[in-house]
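Colleague: What follows is each chain in one-letter form.
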Amino acid sequence: MNKAITVLVSVDSSSILMGSRHYKNYLISLVSRYNLDSVVEILETGSFGRYDRGVLMMLLPDSVVYAMTSEKDVELFVTEQLLKGRRVDKLIVKDFEPAGAIETTVVSEEMRVVLKNAGRMNPRDIEEYIAREGYQALGKALGTKPEEVIAEIRKSNLRGRGGAGFPTGLKWEFTSRTEAPEKYVICNADEGEPGTFKDRLIMEGDPHLVIEGMAIAAYAVGASRGYVYIRGEYYESVDNLRTAIRQAYEYGLLGENILGTQFSFDLSVRLGAGAYICGEETALIESIEGKSGRPRLRPPYPPVKGVHQLPTVVNNVETFGCVPHIVNRGADWFLSIGTDSSPGTKVYSLCGNLVKRGIVEVPMGTTTADLIYSFGGGIAGGRTLKMIQTGGAAGTFIKPDEISFPLDFDSMRNHNVSLGSGVILAIDDTHCAVDIGLNLMEFFAHESCGKCTPCREGTRMIIHLLGQISKGKGTPDMIDHLYNISSTMEDASFCGLGQSVCVPLGSLLDRFRSEIEDHIGAEACPLEVCKFEKPAKQKARRW
Amino acid sequence: MMLTKEDVTKTVHDIYERVREKSFEEGDMLINALHAIQDHYGNYIPLEAAETLKELTGLPLSKIYGVMTFYTMFSNKPRGKYVIRFCKSLPCHVRRGRSVIEALKGKLGIGFTETTEDRLFTLEESSCLGLCGVSPVMMINDEAYGNLTPERVEEIVDAIVTRERSDEE
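Residue numbers (the numbering used here), protein chains in the order written: chain A, 1 to 543; chain B, 1001 to 1169.
Just so you know, the hints here were simulated from the structure itself, not pulled from any lab data.
Where hints are given, some of them may not hold.
Computed list of lysine-lysine pairs in BS3-like fashion (alpha-carbon distance at most 25 Å, straight line) [to be verified]:
#1 A:K471 <-> B:K1105
#2 B:K1063 <-> A:K305
#3 B:K1063 <-> A:K451
#4 A:K72 <-> A:K94
#5 B:K1022 <-> A:K291
#6 A:K72 <-> A:K291
#7 B:K1107 <-> A:K531
#8 A:K291 <-> B:K1107
#9 B:K1105 <-> A:K291
#10 B:K1054 <-> B:K1010
#11 A:K155 <-> A:K140
#12 A:K356 <-> A:K399
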């Protein structure tokens, strides 16, 4: 970057569909029309984390963020700011706090660790990553023994960011201890939990971080092959990761004898083909082997028998994203962030009826209230907050009076509020609890793989019952039936998908029971969201 | 366009070889080949292709059908030139997704899993597409559209129809 001014244009997938590619090209054409080529550099970067104002561009070295919603805005930016050096106040995002990477531990402030480079550099250029401490951690790890790497990760108490929160170091240790001719490291990038879009933005904004984390894991456990399993619909992530892998091979950071050591690691991208269940690690492994993605019986767990029955580490994108930082700065640094049980930061996906939707990275232990009001800007359209689903489709529904609890891996046990994959889905008072429940269950029914009866039939029966209630055909015994089915599914389902339905459904029934009961025997849905049919002549069939 | 068995066999052989060159290991082959075959035929996999894959991979036909029908991105029925995948998950639903779906169905004159008579559009429902910052969203083939309203989806469909008509002329 030797030109005086740099403009970073956000071209992640969400910005692209607001026109960022078009604005960037238009900006380039204007810059050359005004003969500014020699002073202004225009670069693409990943997500800035929010989408409420339009396509965001950061002006450097001033660190001022502009929002563009039309070609006129771009023209104004060029003729005023770039040509004359005058700020265009109406286009500037004033409340944009350029988060200092790895600087603060005060709750309520963004702290970018995993997202350190997203939106700050060109993700398709390995040299920019290397210039920002990239692949330093891999070099450092290769200079120590594999056991030392595992010990450091264990000490850091890094826990899986995909939702389950299993200690990463322990998983690596199990894999390392299993004797086998070959081992695998897999990055679970089959992000499908409704409301989650953090992994997409990490991969689009900083693909080398994921590769580096995986290579360190491979060295630690003694693996020489790896896969990044990405959703088939994530075209931009696939593209950026493939580019990054190719560059890493060219630079000798993947392949044979990495950095002149005995360590070799081959990495490839595998596409999913549309199946939520493939986010479950054993289903993902089946899919990697070229089969339908139906889960396996556990145990044995992947660290003992994974891909081709060989020991396999499976971690989430964000988990791998933490690894290079822990290796670089040490476990004690990581432990100093977040809460006792859950150190580090968490990337949240803020969505639903919020003013500012997007991603934000904060220390573990930040409250739902902070996420909704400090970062999400409150509820859109002047409405009132009615409920929040935390953690994704398999997460809990909570009421507004429960948003002051800190979120971490223990908040489920302590407050019945799940962290899951870090979704904060705010729902305003125009929505009906029955309708929300029905929509949610349609998702689970659609994504149930059909392997086991409790999940396949249970989701169908729940939809039937909620459907009857939403049509005005509900009977008082139905709520008990819903509880029964959900607890049967929890006990008897084969994998996490069916077992976890009780979390959202149970929390909805517990916390919004009176609203659901108000549908039964009533003339109409209290909020007139559900469309009641004419009352049935005969009594509704009993289950 | 009528496909002859000979054409399909030859095409699938070629695609399979191409996929093999780029492939990491044997396990990759089937799903990667299905992606490539579907891209080639434009939104679907002809049944004849599965028979050819059976010979190439040595896998039983039942397994190939099983994989083809398990994953929602694959289809063994011809779909429209533009496959519209509309997200039905909660983050889109609570941003008035339902009214947009109704507008889209009305505009196209079809429901989910149906194809318009001119074979231009197929409408499918999708689970979360991971673009919740700009919901409601849909994808048309590999392109995403966000912050949708009933008016906007009609404009988007109109723009495609206009483009297609001018291409014909």
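Colleague: Is the straight-line distance between the alpha-carbon of B:K1063 and that of A:K305 25 Å or less?
Modeller: 23 Å, holds
Colleague: Does A:K94 lie within 25 Å of A:K72 when you go C-alpha to C-alpha?
Modeller: Cα-Cα ~20 Å, so holds.
Colleague: Quick one, are A:K356 and A:K399 close enough, alpha carbons at most 25 Å?
Modeller: 20 Å, holds
Colleague: Next pair to validate is B:K1022 with A:K291; report whether the Cα-Cα distance is within 25 Å.
Modeller: Within the cut-off at roughly 19 Å; holds.
Colleague: Is it true that the CA of B:K1054 sits at most 25 Å from the CA of B:K1010?
Modeller: 14 Å, holds
Colleague: Is A:K72 within 25 Å of A:K291, Cα to Cα?
Modeller: Violated: A:K72 and A:K291 sit about 51 Å apart, past 25 Å.
Colleague: Checking one constraint from the list: CA of B:K1063 to CA of A:K451, max 25 Å. Satisfied?
Modeller: It holds: about 15 Å lies between the C-alpha atoms, which stays within 25 Å.
Colleague: Given the hinted pair B:K1105 and A:K291, is their alpha-carbon gap at most 25 Å?
Modeller: 34 Å, violated
Colleague: Verify the proposed pairing of B:K1107 with A:K531, using a straight-line Cα cut of 25 Å.
Modeller: Given pair B:K1107, A:K531 holds - Cα atoms ~22 Å apart, limit 25 Å.
Colleague: Hey, A:K291 versus B:K1107, does the alpha-carbon distance stay inside 25 Å?
Modeller: Violated. A:K291 to B:K1107 sits at ~38 Å, over the 25 Å cutoff.
Colleague: What's the verdict on A:K155 and A:K140, does the C-alpha distance respect the 25 Å limit or exceed it?
Modeller: 17 Å, holds
Colleague: Between A:K471 and B:K1105, is the straight-line Cα distance small enough, at 25 Å or below?
Modeller: 22 Å, holds
The structure is inconsistent with the numbered hints 6, 8, 9, although it conforms to all the rest.
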